[in-house]
Amino acid sequence: MIPVAFDYARASSVDDALAKLAATGAKVIAGGHSLVPLMKLRLSEPGTLIDIARIPELAGIRAQGDSIEIGATTTHHAIATSALLRDRCPVVAEAAAEIGDPQVRNRGTIGGSIAHADPAADFPAVILALDADIVIRGTGGERAVKAASFFRGFYDVDLAPGELITAIRFAPTMSAAYVKLHQRASHYAIVGAAAALTVKGGVIEAARVGLTGATTHAIRLPGVEQALAGQTADGVAAAVKHAADDVPDVNVDLHASEEYRRAMIPVFVRRAVERALAR
Amino acid sequence: MTTSAPVLPKLIGERVKRREDPRLIQGRGTYVDDLKIAGMRHLAFKRSDIAHGKITAIDTTAAEQMDGVEAVFTGADIAKILAPMPIGTPFPSPPHHAVAVDVVRYAGEPVALVVAADRYVARDAADAIVVSYDPLPAVVDPEVAMTGQPAVIHADFPNNLAVALVPSGTGVAPDLSSVDNTAVDQAFKNADVVISQRMVNHRLVPNAMEPRGVLAHWEPGKETMTIWSSTQNPHILKTMIAAMNGIGQHQVRAIAPEVGGGFGAKINIYGEEYVCSVVSKQLGIPIKWIEDRSEAFVATTHGRDIIAYVDVAARRDGKVLGLKMRLIADIGAYNMLLTAAIPTLTMLMANGTYDIPAIRTTLTEVFTNKTPTDAYRGAGRPEATYFVERAMDMLAHELKMDPAELRRKNFIQPNQFPYQTQMGAVYDSGDYDKALTAALKAANWDGLKAERDQARANGRIVGLGLSMYVEVCGLGPSSSLPTGGWEHGQVTIERDGRITATTGASPHGQGNETTFAQMLADQFSIPFEHVTILHGDTGVVKQGIGTFGSRSQAVAGTALHLAGGKVKKKMAQFAAAMLEASEDDIVFENGMVGVKGAPAKAKPFAAIAAYAYVPVPLPPGLEPGLSDEAFFEPANNTYPFGCHISMLEIDRETGEPKLLKLIAVDDAGHLINPLIVEGQIHGGLAQGIGQAMIEEAVYSDDGQLLTGSFMDYAMPRATDFPRFELSATVTPTPCNPFGAKGVGEAGTLGSTPCIVNAAVDALSAYGVKHVDMMLRPEKLWRLINGGRS
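Read top to bottom, the protein sequences are chains A and B. Add 3 to the 1-based position in the first sequence for the working numbering, that's all there is to it. Add 1010 to the 1-based position in the second sequence for the working numbering, that's all there is to it.
Note that these hints are calculated values from the structure, not bench results. Be careful, since some hints might not be right.
To be verified - Some chain A residues close to chain B (C-beta under 8 Å, calculated; not the full set):
id, residue
1, 87
2, 89
3, 189
4, 250
5, 263
To be verified - Computed far set for chain A versus chain B, every beta-carbon distance over 10 Å:
id, residue
6, 15
7, 18
8, 56
9, 104
10, 156
11, 232
12, 257
We put the CB at the ideal spot given by N, CA and C, even for glycine.
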């Protein structure tokens, strides 16, 4: 639980952070709740840490026209307690409130969670369901990537060395929900499902479903999304019944076998959809 | 006495807030890791990353060449200055080197160590040591291990048997010279019903909030050793450090500063403590080692891990005729201080609260390639309670009897106390029906059953669990403990009338600074704030044993009370001289010392104290000063008891269990501070429910601890529980003047079986008769879906 020696530099702005990141072996730190445990276990040994936690432009939750933008260094606690999110897109606040424990929520950040892309993290499922843009800055400028193409594999995301996530941007919706089966030690998701629906007159016109915990990385479930289109509440259970079919390789660990995890996928997808529909 | 003086309230029995809390909550406590001494160096261990293997080579070259590294020791180097570690039980034990020599026997066993300028360099250098192994098969399953497969861990212990088949109970001679099975066999022959079940009380990681730590300081000029350690028993540490360093006990001072929890795992005197002391002595500098959390998971003793094959013979009316319990304890790779004795407490408490005519238990203790076990909150008694209470529930289910009624039919009756059990215990006092009745009433048992049945009618999977328990507390007398079973207290009235008292108990979360001050404030009728309790430093506390076995109040509290009585008598003699009255007429009231019937004569407590230290004139026959001590050895243990009831729901779709209600009635005799008692019960419940629902140490087939961090080993949190509903009955013990029994471990006894009983009740509609802990959602989901768990 003692990390190897490393250098540390605090960035004062995004430009400053990008310049410092160019240094060999540099890694970004914000809340440190993914990186520091790995460093203590000596599974990660960065030569330099660039601290972006105190860059003012990276923090905060703001409405921008039809979108909401959450700065990358916004803590889970700030998200969980945001009046703006509770009023216009409660799924994000609810998911944040389910992460870890108060200590984790007070330090951990949404940008860190997404960049780290733990296969069982909560936010990836939610931003997949919201079809969020991940706003990324590099020395070459800014780009935005859809969540569905950002998460590529096991701890593998579309983020080049030297790039920095600056914000998450999405169109808010009330008709969305996130539920998970808690792993009782870590409180990560054994299976977590987020659903965002377009509903008219009790009929689901369109659905997006994000799934975490089940496979190498958070994914959308296109088969379920299609099956849900046109359904009312009564048709949800049947529509999600085969949700696990969209998941090729299911994780196996101490806490859940493949069979159990597969069985839990339709359960939690259905619960997420029903809850979103009830809003 | 002046009439304006405020009347001091009696404090015994009051909910006084813990005086320890403000400093501990605000981070103002001083733990071992907070200590610094000039010249201090840091020690780090290289630990085995395999479970079993021969060491073929240790290359320390890279470590030795690192900047800041001052010394590197291998196991062979340490063996030259430190003998194999002793144990505290009379069982045969294989040699156990603090740092492994030739063979490693569990993942996490120390292999070498580094002394360096700071903790970071020490860690880097320890990582730079390269150890080569010739791997041996890992012995993981204790029942396979008993056949000598897949390997024999200690050459002199064939079939890995640390303790081979010790019988106990009806017909067993105390010296084991003869075993007569007639009564037990007859009981099973006469039975209408026999219940047989294999049960596992699985392994747990104690996980004190503060990991262990040691700072050893040999001062060559004085030839003294001071050792600070996160321990539960500094006086035992002092004894052992002296012996292992070949010096006298008068040369050793052991200090337990703030200790952040122990749960029994800090009773053992560990290799790290011996190593720091001998390395400090060898190098002549202070040596500090602080355990990190990853180390704590594998290097600090584990708890529980006993398999029981339980058979119960009963009549159809519910009367239990006989009980057989074949116990197999997986003790890990080595015997530690009390390891071998812990499962014997499971045997001792095999009959629980019941009058069972014939009992046979046998105990086998088995070595495996795992972290050694030792005491963990309850230490053997929760295991016994779990086995008996699960068996009673299975019997009730088989006979279709109310689980409360079945128990009531078998209780030891109040007029049977003191009750000599067939297992060798003498229960001091008890009224089990009273606790059961109180719990049924507090829970509204019939209402709860109706609520359960209604929930079931609505398609929910809900169950009720009930469990009795009887605990062994107030550990002593000396015949039962190799350390001695007494406790020591000293009370000194300072010259200003304040009281400084020392206790040989060494609290690490029990709140004795508060409860003992309540006792002494009442004894002398002075303000609570005028009493300070010192503990944990053998340079300050003359003698002691330590804090374990829920003994602080019953044994150490009594020692202080007796010491206080001696001082009070002497103070009364000074007062009699000063107030020109008879000693027998002296009264202590509201901070004053006066004469019965003559209130005007009263003097402040402090005035009498001042006189005792400047005694002009010195009363004939008296020495100056007010300080005295007492050793107290109890004649017997105390046996608190209680009844726990729970309501639990299992999610039909996911198998997730949720605890809806927990009602606990505990009888710990008279309580000094109900607030602290409730805190102790809350903590015990959390750990007992934790074992049933979320805590489990899991090893892989190659002997790796898979639950080696808090990412995979769940610690109970407040959000895991409903509001506990606590109440008490009061059955005093005759063993000490307060009638207080002890309560530190009790919460872990009744809660665990009460939760599993509720889960089995919930699943009874699915044909489930037993499920082993922990209640993993997947396991329950499989049972609901017709599979075997």
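- Message: So, as I understand it, the hint says residue 250 of chain A touches chain B; can you test that by seeing if any CB pair is closer than 8 Å?
- Response: violated (17 Å)
- Separation of residue 232 of chain A from chain B, once the least beta-carbon distance is taken, above 10 Å: holds (24 Å)
- Hint check, residue 89 of chain A versus chain B [nearest Cβ-Cβ separation less than 8 Å]: Not OK, violated: residue 89 of chain A not within 8 Å of chain B, min 21 Å.
- Task: Using Cβ atoms only, decide whether residue 87 of chain A comes closer than 8 Å to chain B, and label the hint accordingly.
- Result: violated (26 Å)
- Say whether it holds or is violated: residue 104 of chain A keeps its Cβ farther than 10 Å from all Cβ of chain B. violated (7 Å)
- Task: Examine each Cβ of chain B, and state whether all of them lie more than 10 Å from the Cβ of residue 15 of chain A.
- Result: holds (28 Å)
- Message: Beyond 10 Å on every Cβ pair: is that true for residue 257 of chain A relative to chain B?
- Response: Nearest chain B Cβ is 5 Å from residue 257 of chain A, so the label is violated.
- Message: Take the shortest C-beta to C-beta distance between residue 263 of chain A and chain B; is it under 8 Å?
- Response: holds (4 Å)
- Query: Per the CB criterion, is residue 189 of chain A less than 8 Å away from chain B?
  - Reply: Holds. Min distance 5 Å.
- Run the C-beta distances from residue 156 of chain A to all of chain B and say if the shortest one exceeds 10 Å. holds (21 Å)
- Query: Does residue 18 of chain A sit more than 10 Å from chain B, CB to CB?
  - Reply: About 33 Å separates residue 18 of chain A from the closest Cβ of chain B, which puts it past 10 Å; holds.
- Query: Going by Cβ atoms, does residue 56 of chain A stay more than 10 Å from chain B at every point?
  - Reply: holds (23 Å)
Checked against the numbered hints above, the structure violates hints 1, 2, 4, 9 and 12; every other hint is satisfied.
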